[in-house]
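Asker: Here the protein sequences line up with chains A and B, keeping their order.
Numbering follows this note's numbering, with no gaps: position 216 of the first sequence is 216.
Add 1000 to a position in the second sequence, counting from 1, and you land on the number used in this note's numbering.
Any given hint might turn out to be false.
Cβ-Cβ distance ranges computed for the label pairs, FRET-style [as the list claims (entries may be wrong)]:
1. Phe-1470/B / His-244/A: 28 to 36 Å
2. Ala-187/A / Ala-1072/B: 39 to 47 Å
3. Asn-1302/B / Val-74/A: 28 to 36 Å
4. Ser-1294/B / Val-129/A: 29 to 37 Å
5. Pro-76/A / Phe-1470/B: 27 to 35 Å
6. Tyr-1060/B / Leu-153/A: 25 to 33 Å
7. Asn-1302/B / Ile-54/A: 44 to 52 Å
8. Gly-1379/B / Ser-72/A: 24 to 32 Å
9. Leu-1248/B / Pro-189/A: 52 to 60 Å
10. Phe-1470/B / Asn-59/A: 33 to 41 Å
Below, a sample of chain A positions facing chain B; criterion: calculated Cβ distance under 8 Å [unchecked claim]:
11. Ile-23
12. Ile-39
13. Gly-44
14. Phe-48
15. Leu-123
16. Phe-141
17. Lys-203
18. Leu-225
19. Met-235
20. Gln-281
21. Gly-298
22. Ala-310
Just so you know, these hints were derived from the structure itself, not from any lab.
Remember, predicted model here, so these are calculated numbers, not experimental data.
Just so you know, even glycine gets a beta-carbon here, dropped at the ideal spot from N, CA and C.
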Amino acid sequence: MGISNDSFTHDSTSYYSTVQKNIESIYAKISFSLAILTILITIGIIYFLFEDAIVFFSNYSLIQFLTSSNWSPVIPPKSYGILPLFFGTLVVTITAGLVAIPIGTLTAVYLSEYATQRTRSILKPLLEVLAGVPTVVYGFFALAYVTPALRILFPTISPFNALSASLMVGIMIIPMISSISEDAMSAVPNSLRSAGFGLGATKFDVSTSIVIPAALSGIFASYILAISRAIGETMIVTVAMGLHPTIPELRYAGPIPYIHPADFLLESGQTMTAAMVQIAQSDLAGSSAAYNSLFAIGITLFFITLFMNALSNMITERYREIY
Amino acid sequence: MNNSLNIEKKKGVFSLFSRDVLFQHLAFISSIIGIVSLTLLLFTALFNALGLKHADILWYICFILTILIPLAFFTLYCTKNPEVGQVATRVFGILFGGILLGSFLFLIFLIFDPKIALNYLIFIILPTFLTWHKFRYSKSLYLKFIPLSTIIIGFIITLLIKPLTTIYPEDWILFVFLFAFPFAIFIWTQSKNTPIESYRIIVSPIPVFLSITAGLFLAPLLNISPEIGVLYVLFVVTPAILYAILILVSNKKGSMGLLLPILFIALILVSRMIIDSVGASVPLPWIDLQFITSSPSRFPENAGIFPALVGSIFIVLLVGIFALIFGIGAALYLEEYAPVNGAAGFLTRIIRINIYNLAGVPSVVYGLLGLAVFINLIGYGFGTVFVASMTLSLLILPIVIISSQESIRAVPESLRLASYGLGATKWQTIRNVVLPQALSGILTGTILSMSRALGETAPLLMIGVPTTVFKAPAEITDKVSAMPLQVFNWAFSAKPDLRGGVAAAGIIILLFVLLSMNAIAILLRNKYQTEK
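Pulled out of the complex, with its shape left as it was, chain A reads as follows (with noise of 0.2 Å):
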């Protein structure tokens, strides 16, 4: 224990006491200081990224830039429409919570309502290392490994592919939900299980009946962090998915339009995230329209993350079940 001989040699004198006090409120402010930090993070995040934003919509108006459907930054005639880039997060977000959400969900009902002690103590740790694998490794396996498999299947798909990205984010996302909803599956009291059990449930009727709508807040929480994760995330789609922002083309049965799956999951496409890539590999110099609109799209990623992450937390505060 660290406890020194400071407390038993005290001087009363209030020279002692005065010094003391002073080092005791230096001490505190550097701490409050630090604490100020994060705040001061975030304003500048905000900060910096609206002061180019707006330096960006003010050539360029920001109806066309949420509305236009072309994004060729770099090379003219340029266009900053950031709808491309819009469906490119969305199919990636959507394919990848495709695959997480219902893997991830029963993941949590295992780990909390099957899974004994030690099958829970080896599962964990594994299921947080596919969170920690780097993004860029990620992207590698989509590229070189994840897309040849899939030719087999789809012979038409192209090297760079939204689905095997998706597929990648998908698994990478699957512990931050399996995590979040076995915490909330674990908050059910057991006295909820053992009433099911006596009124003659089976562990299925319990699981899906009583336990899972009991967590689902906390479920949903979990959903909504990890799809922000997904929409956030760079290096797989940057490394996967290619550099064509494209919105595909509509298709028609008859005269009802619709988009066909093969059109943008087996074709190359580019994320918001993917498109600040290239733009920063190609072009920092500064004040060009390029660089301002980096910041244009890193300010509206920015909100809706932050939006989604706000969501997830004022789920979990106001719909929590007190036992």
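Dock chain B against chain A, hints included.
Answerer: Frame of chain A, contents of chain B only:
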């Protein structure tokens, strides 16, 4: 949840096909599907990095017969004799940890000149520690400031005598002074009350003796640099010899475990001879000593990861220092000082919520912040070590704060009350009770976040870090690259070997460094938990 409530056990064979059992199997498969796919991908990468496609079936047979099966027998023997197994694991751990530590120090002394490090040790660290130790319980404020002034005076002295470093002896002799002598003193003091106490006059000088031998004779003989020779002898050979002496003197039962490294080397030699004699075609690994020690190249066979490896470690160490200083401060405020009520309490709540939200901001946005603040506002150069580490520190700061808060919160309130009861002030309580108790938890969290910083790519691309450099950084203002960026570069290379085997080799090295960091964090946490 409770096995006592497990009903379906009684239903017999048909329950195999019941909805319940199907659901349970489905849930189990879901929980391992991610892990299994990642393992498959990692094995593919390892297969490519080791060039195993060049090996034929004969090689695999020889490898299994001469290495895997003998090792399996040894493992079986160890499970029958747990003491042997324990000794074997320890020997293996000592050798492996020693190689890691030796390589790490070698990289560190590539960045920091060992001559200047010695100056710092003699003129700053030692005097400051001694004066702090002497005056730490002093009542006078003036005496308390003596350690601070020794830092300043020592710094001035090191600056003044910097020109003298040209006449210092060679680096490996400095290593002997820096490490071998402290090591010898350490053995002398630690061997008290152990079985080797009666031999300690012979045992203690071993590090000095061995390192001088290594530097003078062994390194020229093996044609390696004397610095590497001295470091490996000090951190790999010496601990293993000391451990062997300790085991041989005290524990006759487990001493068979000491044979593991000898067996391992013998097996490799025998297997080499057999494979040569049968003429099997061997794998052509991309990961080898040449890969770790050379610069990137257009030619796959000459390509290496060395500058990126040094760059990554340089950046991550600075990130750890920055994040630890800022992270502990903010966590201490939130857990120990922050008021709960009133206007100030509202501010505390905002800070807390803000930290959680910052932890969810995409890393690429932090890259934009670094670009706007450090490069365009302050005017540091693109892609330097300083800018890279500052940007990544901002990125991991929220995670460091949250994990530090958790370990500070875990310190029992009774300890704080006991300290106050003895008359200690708030800061004295924090410094002497809270921080020592929470430190290993804080360090664990920080190392885990450093490993996250190690794998980050996108923020570094945003601040103009080049994806490949040909010279390892030596100064904080040098251009730097990092391993993930080098992998990114190789992944888009035009040559199939570069984007296949070499990129996979880069990934294996990156993951190896990452896993070593995580292992250190886990060891630290386990040690802390067992102490509790």
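Asker: Identify every previously stated hint that the structure contradicts and give their numbers, smallest first.
Answerer: none
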